[in-house]
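Engineer: One letter stands for each residue in the lines below.
Number of protein chains: 8
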Amino acid sequence: MTLSVYLSGEIHTDWRDEILAGCKAAGLDVVFSGPVTDHAASDDCGVAIMGAEPDKFWHDAKGARLNAIRTRHGIETADIVVVRFGEKYRQWNAAFDAGQAAALGKSLIVMHGADHQHALKEVDAAALAVVETSAQVVQILDYVLNGRLSG
Amino acid sequence: MTLSVYLSGEIHTDWRDEILAGCKAAGLDVVFSGPVTDHAASDDCGVAIMGAEPDKFWHDAKGARLNAIRTRHGIETADIVVVRFGEKYRQWNAAFDAGQAAALGKSLIVMHGADHQHALKEVDAAALAVVETSAQVVQILDYVLNGRLSG
Amino acid sequence: MTLSVYLSGEIHTDWRDEILAGCKAAGLDVVFSGPVTDHAASDDCGVAIMGAEPDKFWHDAKGARLNAIRTRHGIETADIVVVRFGEKYRQWNAAFDAGQAAALGKSLIVMHGADHQHALKEVDAAALAVVETSAQVVQILDYVLNGRLSG
Amino acid sequence: MTLSVYLSGEIHTDWRDEILAGCKAAGLDVVFSGPVTDHAASDDCGVAIMGAEPDKFWHDAKGARLNAIRTRHGIETADIVVVRFGEKYRQWNAAFDAGQAAALGKSLIVMHGADHQHALKEVDAAALAVVETSAQVVQILDYVLNGRLSG
Amino acid sequence: MTLSVYLSGEIHTDWRDEILAGCKAAGLDVVFSGPVTDHAASDDCGVAIMGAEPDKFWHDAKGARLNAIRTRHGIETADIVVVRFGEKYRQWNAAFDAGQAAALGKSLIVMHGADHQHALKEVDAAALAVVETSAQVVQILDYVLNGRLSG
Amino acid sequence: MTLSVYLSGEIHTDWRDEILAGCKAAGLDVVFSGPVTDHAASDDCGVAIMGAEPDKFWHDAKGARLNAIRTRHGIETADIVVVRFGEKYRQWNAAFDAGQAAALGKSLIVMHGADHQHALKEVDAAALAVVETSAQVVQILDYVLNGRLSG
Amino acid sequence: MTLSVYLSGEIHTDWRDEILAGCKAAGLDVVFSGPVTDHAASDDCGVAIMGAEPDKFWHDAKGARLNAIRTRHGIETADIVVVRFGEKYRQWNAAFDAGQAAALGKSLIVMHGADHQHALKEVDAAALAVVETSAQVVQILDYVLNGRLSG
Amino acid sequence: MTLSVYLSGEIHTDWRDEILAGCKAAGLDVVFSGPVTDHAASDDCGVAIMGAEPDKFWHDAKGARLNAIRTRHGIETADIVVVRFGEKYRQWNAAFDAGQAAALGKSLIVMHGADHQHALKEVDAAALAVVETSAQVVQILDYVLNGRLSG
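Protein chains in written order, with my numbering: chain A, 1 to 151; chain B, 152 to 302; chain C, 303 to 453; chain D, 454 to 604; chain E, 605 to 755; chain F, 756 to 906; chain G, 907 to 1057; chain H, 1058 to 1208.
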């Protein structure tokens, strides 16, 4: 069994690298995908390729629709969608991804600190697991794949 | 043609009433649904009916899952989902609803002020209309139903 | 909003009547469906209409497939599926209905006593509400429809 | 043609090993999946990874939802779902899996002893084959793959 | 509960009228649909409306595709599809309708005499009921709707 | 049986009115929908409601996405989609609607003059009927509903 | 591009071998599947594995449902379904397969002699190609894969 | 991540070759498909394989339905559908393909010159990217796959 896992959400800490390293160390059969994590490229990709826009709304629209080619593909082909909410920013795109994953029947894992618990209650309620750390995500993938409780 | 419209998101201003009044005044054939907007009832419904929980996480889980019976039904049976982002709170549930609506192929209308433009770019990019006021939602519904530009 | 509710499971107590009476008393806009609750008719319907079978397996197969015309229709057209597990019998058909409801994305409410908690953990985990009494089901329907916490 | 087969249900006898050994001996092109069969791990996985719960209901909910990541993936990606009902326990999860498989249009094979015939009539009625032994499952897979009646 | 029933197949006896009369006599809440049963109109509708064709293949293609507007609509919106195989003709369109109904997950009732039993075994195997007479169809609809065994 | 029919395509002749009048005269049980046929309103609706755009591309994008709320709803809820290609303009939106209708499994009727035959061969090939006049559409609807060949 | 092709229908001539040989000779990238073509095994597989039945109806039911595991898998995973109607027998299973293929949106190729043209008009009308010979099927697959008209 | 890309539309310039060469040069993991681009073969394939037709309508119908086996397969299995509108011809098949892609939820990229902007506004409005050159398509695929802005 190979699991396809999409890693959505916060892009300013190295949580994705931690999960990849943990899964590699455990020898897990997982294929990862996720959004473009270069913040500047993600913001400007639309106008860089398709031409500048004087209005910020259309600048953003061009980029967001271009990024959607990648994110929709990742979510639609994933078995599991992990969505991490960090400490900063609005992160509405993370919740938006979680909503898409839920509606598509994907197994949803939500990752956030205790301070966001009440605000994320609707998202957590749709999840099959709610965790705080990258290590827990690795443990879950190890258990799902191998029935192994490594902790 | 009757349109079924789900009004998601912010619950602390009277934007829903404005839309309902506007549609009534214009004689539009629209049926509205939406979440429970009594904040206290929405937070406590789970434990009120199914028993208290000492742990806030499960208190919230019980309520959020119970509310999901209503919100999923509303979104799944809607032709159009309007999601409003207000000035306060995290509003992750609004973005989560928008993600569900997008994945289900619903026509999505997003309503927010200019200050949230950049943070909502992924949600706006999935929408068929982005507006600021309740009056604009009424105008859109009037146009969609009757081909009338009332402005 | 009208809710369509399928009442699956145990057929030897009057829990369905309690829910119907409770919803009627509360004036709720609910349409109910459910299996044939006449145990003898349900067991013998196949052979009664399509001819006797000497082998009990085919006697039961004829009846079960005939009953499936009604139960599938009820589950597929329901917004909410309530599944009650009683004190007696194997009740595998109740769990089978719950599995169908879950896979079809129906809102699932499970109703059972505390003694069945561990054995039903997979079914409960797929539910949006787990209750013990008919009165709680009525309260849930009242809340989902009207946002009212009658308790 | 490779067949993907999910082996659901009873975890206290070695029927899965018998099927795997039989298919291997016959050189069949089958890929198997199934639930975690370590009973203790399956019961405690949720709290082991995501933290202890004083209330047994939530202890079980955490585990059951975590196990659902694996079982849903297995059932959804299977061509054939085999569900075995053994002699002991309630086995509602087995019937729940069978219901999911039926609703998803999977080819369902049910395996049980004669004493459970009447209680399983609804599940059997949804199946394409009803058998008693592991050897019969191997014969079926051999026939489906190769058109060979090995008996 | 209203049932929508499509009556497919043989058009040279009055079995449809028998079922309609029987359901009316029993006061059943059923809505019927079916193909055009005027054989000449059904054969020639395409060329009558869209112009003559010298080649019989295209004469038939025009008619068959036009009839498909009605038959697909009937099958797709039905809860139950009844397919009757009579004594004469090839009746491949009846088996074709049954295949569509099966693939769409409709409840399938097959009606035929004992002499066709072996030739129809694949169709019967996909059905929830196999009967010989119109009266049995009425009894089934009465049972499915009202849980009543009128026989 | 009520048929829901979406009338897509050319908006500069009165073919829609002819079909409506013909169906009314024949007493047919048909409900019609279609795009906004006021050319100016259709072009400018987006900026009229949501604010002017200096760039024609975004002016058109706003309008086209707003019109999509109406056209998608019409196509998705239709039983039959009639697409008319007239003599003038590119009419790519008509072919685009036909593609959506085909992919959604709608019964497609295409209406055009003989001079467009070769250029429309892919669209015609997906249709269940190809006609030249409004009167033929009325005859088809009469036949589909009533089995009547009025010509 | 690899094409997956299901070869349904008549099992008493060597048309399947002709197609396989033709595709091999042309070096086409095609994977074939089909029903069990050993008539005796296909008729008796159910009772051979799951036990004898005194009643021919259940003898056939057991076999037909077992064969359905293979045929449904083949049809559901195919890109193209070729259905051949031969000279003998009722061949209702062939038309039943064609109906399933049509409802699942598969590309349907029908193969039959001129004498069956009128009786198969509904099946032909749902097909993307109607041919008489195995060589034509090979030519079609060659064209679809390589854009080559070998004739 | 491998992307599957269908290249629809104009067949008289070498834009497909430019995209293939550009992706090869950039080392992108993309698999391409598209229609048969030999205009004569595409027009005549039906009659070449299945026999001549005196009537141009049926000549074209045979070819268009045969080509649909390839084009539907390509669109349905693609992650991204690129549709190019050139300078000449009606190109209704291109818009028809775009409509299919949109209804199937594919990521749509539209490629055309500025002069077609207004006429293509409905198609552009359904797209995630609108470009003018093959080089831009390569840049988009590079960005979607690798997050790289090569420009």
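One thing to keep in mind: the hints can contain errors.
Simulated pairs of lysine-lysine, PhoX-like, Cα-Cα distance not exceeding 25 Å [stated by the list, open to error]:
hint : chain 1 : residue 1 : chain 2 : residue 2
1    : A       : K24       : A       : K56
2    : D       : K541      : D       : K509
3    : E       : K660      : E       : K628
4    : C       : K358      : G       : K962
5    : D       : K541      : C       : K358
6    : A       : K56       : B       : K239
7    : C       : K390      : C       : K358
8    : G       : K930      : E       : K692
9    : B       : K175      : A       : K88
10   : H       : K1145     : F       : K843
11   : B       : K207      : B       : K239
12   : D       : K509      : C       : K390
13   : G       : K994      : G       : K962
14   : H       : K1113     : H       : K1145
15   : B       : K207      : D       : K509
16   : F       : K811      : F       : K843
17   : F       : K843      : H       : K1113
18   : E       : K660      : H       : K1113
19   : F       : K811      : H       : K1113
20   : E       : K660      : G       : K994
21   : B       : K239      : A       : K88
22   : F       : K843      : A       : K56
23   : G       : K994      : E       : K692
What the hints contain is simulated information worked out from the structure, not anything from laboratory work. Since we're looking at a predicted model, the values are computed, not measured.
Engineer: Hint by hint, note whether the structure agrees.
Structural biologist: Hints, one by one, checked against the model:
no., hint, in the structure
1, A:K24 to A:K56, "41 Å, violated"
2, D:K541 to D:K509, "22 Å, holds"
3, E:K660 to E:K628, "41 Å, violated"
4, C:K358 to G:K962, "16 Å, holds"
5, D:K541 to C:K358, "23 Å, holds"
6, A:K56 to B:K239, "23 Å, holds"
7, C:K390 to C:K358, "22 Å, holds"
8, G:K930 to E:K692, "42 Å, violated"
9, B:K175 to A:K88, "42 Å, violated"
10, H:K1145 to F:K843, "15 Å, holds"
11, B:K207 to B:K239, "22 Å, holds"
12, D:K509 to C:K390, "23 Å, holds"
13, G:K994 to G:K962, "22 Å, holds"
14, H:K1113 to H:K1145, "22 Å, holds"
15, B:K207 to D:K509, "16 Å, holds"
16, F:K811 to F:K843, "22 Å, holds"
17, F:K843 to H:K1113, "23 Å, holds"
18, E:K660 to H:K1113, "16 Å, holds"
19, F:K811 to H:K1113, "41 Å, violated"
20, E:K660 to G:K994, "23 Å, holds"
21, B:K239 to A:K88, "15 Å, holds"
22, F:K843 to A:K56, "37 Å, violated"
23, G:K994 to E:K692, "15 Å, holds"
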